[in-house]
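Each chain is listed here by its residues.
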Amino acid sequence: MASVEFVNVRKSFGSQPIIKGVDVQIEDGEFVILVGPSGCGKSTLLRMLAGLENISAGEIRIGDKVVNRVPPKERDIAMVFQNYALYPHMTVADNMAFSLTLKGESKAVIDARVKPAAEILGLTHLLERYPRQLSGGQRQRVAMGRAIVRDPQVFLFDEPLSNLDAKLRVAMRAEIKELHQRLKTTTVYVTHDQIEAMTMADKIVVMHDGRVEQIGAPLELYDRPANLFVAGFIGSPSMNMISGCIDPSDPLSFVAKDGTKLPVGKPIDASPDRPLVYGMRPEFMRLDPAGIPAEVVVIEPTGAETQIIAKLAGTEVTCVFHERIAARPGDTLHIGIDAAAIHIFDETTGLRL
Amino acid sequence: MSSQSIPPPKARMTDWLQSRNATGLLFMLPAAAFLICFLTYPLGLGVWLGFTDAKIGRSGVFIGLENYWYLWHDPVFWTSVFNTVFYTLIASVLKFALGLWLALILNEHLPFKSFFRAIVLLPWVVPTVLSALAFWWIFDAQFSIISWSLMQLGWIDAPINFLGDPTNARISVIAANVWRGIPFIAISLLAGLQTISPSLQEAASLDGATSWQRFRLVTLPMLTPIIAVVMTFSVLFTFTDFQLIYVLTKGGPVNATHLMATLSFQRGIPGGQLGEGAAIAVAMIPFLLAAILFSFFGLQRRKWQQGGQD
Ligand SMILES: Nc1ncnc2c1ncn2[C@@H]1O[C@H](COP(=O)(O)OP(=O)(O)O)[C@@H](O)[C@H]1O
Ligand SMILES: [Mg+2]
Chain U
1 MASVEFVNVR KSFGSQPIIK GVDVQIEDGE FVILVGPSGC GKSTLLRMLA GLENISAGEI
61 RIGDKVVNRV PPKERDIAMV FQNYALYPHM TVADNMAFSL TLKGESKAVI DARVKPAAEI
121 LGLTHLLERY PRQLSGGQRQ RVAMGRAIVR DPQVFLFDEP LSNLDAKLRV AMRAEIKELH
181 QRLKTTTVYV THDQIEAMTM ADKIVVMHDG RVEQIGAPLE LYDRPANLFV AGFIGSPSMN
241 MISGCIDPSD PLSFVAKDGT KLPVGKPIDA SPDRPLVYGM RPEFMRLDPA GIPAEVVVIE
301 PTGAETQIIA KLAGTEVTCV FHERIAARPG DTLHIGIDAA AIHIFDETTG LRL
Chain P
1 MSSQSIPPPK ARMTDWLQSR NATGLLFMLP AAAFLICFLT YPLGLGVWLG FTDAKIGRSG
61 VFIGLENYWY LWHDPVFWTS VFNTVFYTLI ASVLKFALGL WLALILNEHL PFKSFFRAIV
121 LLPWVVPTVL SALAFWWIFD AQFSIISWSL MQLGWIDAPI NFLGDPTNAR ISVIAANVWR
181 GIPFIAISLL AGLQTISPSL QEAASLDGAT SWQRFRLVTL PMLTPIIAVV MTFSVLFTFT
241 DFQLIYVLTK GGPVNATHLM ATLSFQRGIP GGQLGEGAAI AVAMIPFLLA AILFSFFGLQ
301 RRKWQQGGQD
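The listed protein sequences derive, respectively, from chains U and P. Take the first sequence: its letters are residues 1 to 353, numbered as in the numbering used here. Take the second sequence: its letters are residues 1 to 310, numbered as in the numbering used here.
If we strip away everything but chain P, and leave its shape as in the complex, we get:
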């Protein structure tokens, strides 16, 4: 009797293979292998290198926190930290404000709506290096189209030194980053806006809301979940930006636009100090973790999103 209730081992094995857990595990394997090869291993290697005095062509030995100790007293490193935070903060705020504004405009009933939506995506579709090169020309010390236009208008009498002056250079790279980043935010927020039923706006306008109140009290709160996602990604992308800076200024003038990513590369590869470069890259991790934590709380389902079907 009891022999019937305990299935033979072979049957148990088959049962297990057919269960949801086993299938789930099987499906996860390729992704897990991929992540381990291309994410965990390089990350681990980077962290390890940060604790060594590795140079190009010479595997280093473990030197503990010496790299970090050195960086702690390196004003250039601190400049780059300041630059990165400043760059991320200003660019993200601008991208958010302009992207939201653009999304709201594109959500209206415009003529040639789909044409404009396609146009907006252009800055994002063009390879970064290509648009960076374009900006390089736009910000050129002699041939800048901006300087030329302003001179034609008679507003200035000499070309602006966009990338040669520290303040101008910072403003210029932020402008280029904002230009590139807006489409991602605008299109994502537009998608979010389109999930909001127009009858909510209508109900609010019948309830006596002005268009500003409709935006602030209905549209914006309903958009917060998607804003949290989009801004997390935007902050991560901006914080780790490399290509734009490297093409436009290479970190100059006098390190005014060096970000942690560009400094890490410059010290590590052209400078040959692999260990030090890795340490700078590792120093970015706490900032990124903070951004991720922020998003973790931002992304949590709000109370009003929970329960029931729609």
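Same shape as in the complex, but just chain U:
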């Protein structure tokens, strides 16, 4: 096990900069998730850590060692690929044992490593099968087994669950997390799915367009997003955003473009002509006769909760209520906003105030 550090890492493909200066520190034994929209450079960053892409500038350290010039086979890293990359001509057992076979380990040593790993992952009865004879979830497990057997310094996962169906994905999520708690190997996990990031990570690195937007624990990102991008990316349904400015006569009130006044929890230090964005999470809204009137556009009952899209302060916002609401499109609801749970951002810089 080892810590990992990215120091001002950059990468260009040709003249096209893809990674534009990334600094991340990963502690020994931590489960870190790189999350961001598709194409933001997560896989590229992971592949640079694995040694599969060279580094245009900056430094990557594993433990205390700068690995910029270390070839992949000497980095002691195991990776689970998105397509699993199982060797099709080898049985499950041979796939898992491949790295040990290369090292020339004896049959006894290989068995002693492969058997327990297979047991952990429930693969014992599949050891003699070939990858083609397995289901997607089983292949995924074999790919993980191959990584576990290595007992490497760092585990890398590149969107390992994205080829699985929704139900299996939830199950594997829990399994991977459990595995990490058991093995405590430093793990870097890439996904575009913020739910996966929120549920599994010790620490999330939100990436966007080759840059790190924010690093923090899942709830930290949820409660205190550093900027508009993170605010919109973390949380589902995503945060509602309303443009406007601070009320000149009342620092505890926000005026939307259409003149509606929205409550603010603590005084905002901003001049009234500075364009701001008011952010409120759908979960922190409730029905309140004294609240702000909103016209229902769409109502989606899911059983556990009711999701309503309504027109509030001239903007369509999403609200999630835990009670069942008998409203129809066109009805007017009065919505109360939890003033302590709202976020104010600068509209031009996108930064949180």
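These are calculated hints, taken from the structure and not from any lab test.
To spell it out: a stretch of chain P is covered by chain U in this simulated footprint if at least three of its residues, at any positions, have a beta carbon under 8 Å from a beta carbon of chain U; those stretches are:
{"hint": "1", "stretch": "187-200"}
{"hint": "2", "stretch": "211-224"}
DSBU-like, lysine-lysine: derived pairs with alpha carbons at most 35 Å apart:
{"hint": "3", "chain 1": "U", "residue 1": "K167", "chain 2": "U", "residue 2": "K115"}
{"hint": "4", "chain 1": "P", "residue 1": "K303", "chain 2": "U", "residue 2": "K73"}
{"hint": "5", "chain 1": "U", "residue 1": "K115", "chain 2": "P", "residue 2": "K303"}
{"hint": "6", "chain 1": "U", "residue 1": "K103", "chain 2": "P", "residue 2": "K303"}
{"hint": "7", "chain 1": "P", "residue 1": "K303", "chain 2": "U", "residue 2": "K167"}
{"hint": "8", "chain 1": "U", "residue 1": "K20", "chain 2": "P", "residue 2": "K113"}
All residues carry an ideal CB built from backbone N, CA and C; glycine is no exception.
Fit chain P with the ligands to the supplied structure of chain U, relying on the hints for placement.
Chain P with the ligands only, in chain U's frame:
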């Protein structure tokens, strides 16, 4: 009641015509007719001629195994058998080794990749006779460019007698065949290489494999199915080669490069002994069958290729 369960004959006929089997049969007819006219009939005729004493302009009579008996005691025939096996073996091994090597190079990220891929195909695109003529010049006893270059370099003082000396002639025709055959193998294997996901190589390198181990333990095993196909075809083509030899040496010197195909033609057509020529051609069949059987087992789906979707 029961009259309803047995459809009238006419309806049964329509049912049959609409079934998959009938359609399949219909689609097979043209191909079958073609094969019978242009493959089965000549083959049958060839086998029949081998049992007759037919000559050009005179249909022969059945003489049993007399042609084969004669060939069995004909040292020239045995030379040609040896030549054919030798030629096929050496040329196929060389073509495979060089073709695989070329395919591996072309599969790397080279500059002007598609240009090189197109260039590689050239030897195969040029008509055989044309390239054979080119080789004829290259191997010419006096004007050979190879001899000339080596003389300029001062390595030899007299031109090499490429096609006049038995050993040299064998080497020369094999070289020409290899040159012509490499593109087919290189391009086919390149296509095979491109079906192997690069992430397998990456996974192997993370697992600690050197580039040689990646080739031997990942690339090569995954390439075996396509190697089996390609090498079967290559062996069949080489074994039945005719044009190159006929243009370059006509089987000479002193039959050193006579293959079974060229000998069969020479005895049958210029020599006029149709029956004997046919018998030589028929004698190639066991060898070809062996190659086909080999490919049959080589082509069988391996265990790891079976089952499931990808
Ligand atoms: N080998 C490559 N050559 C050129 N561009 C690439 C290459 N690999 C990735 N890119 C580009 O880099 C960007 C980031 O890719 P990637 O890291 O795969 O994103 P993701 O965050 O979805 O994993 C994409 O715009 C992609 O087109
Ligand atoms: Mg990716």
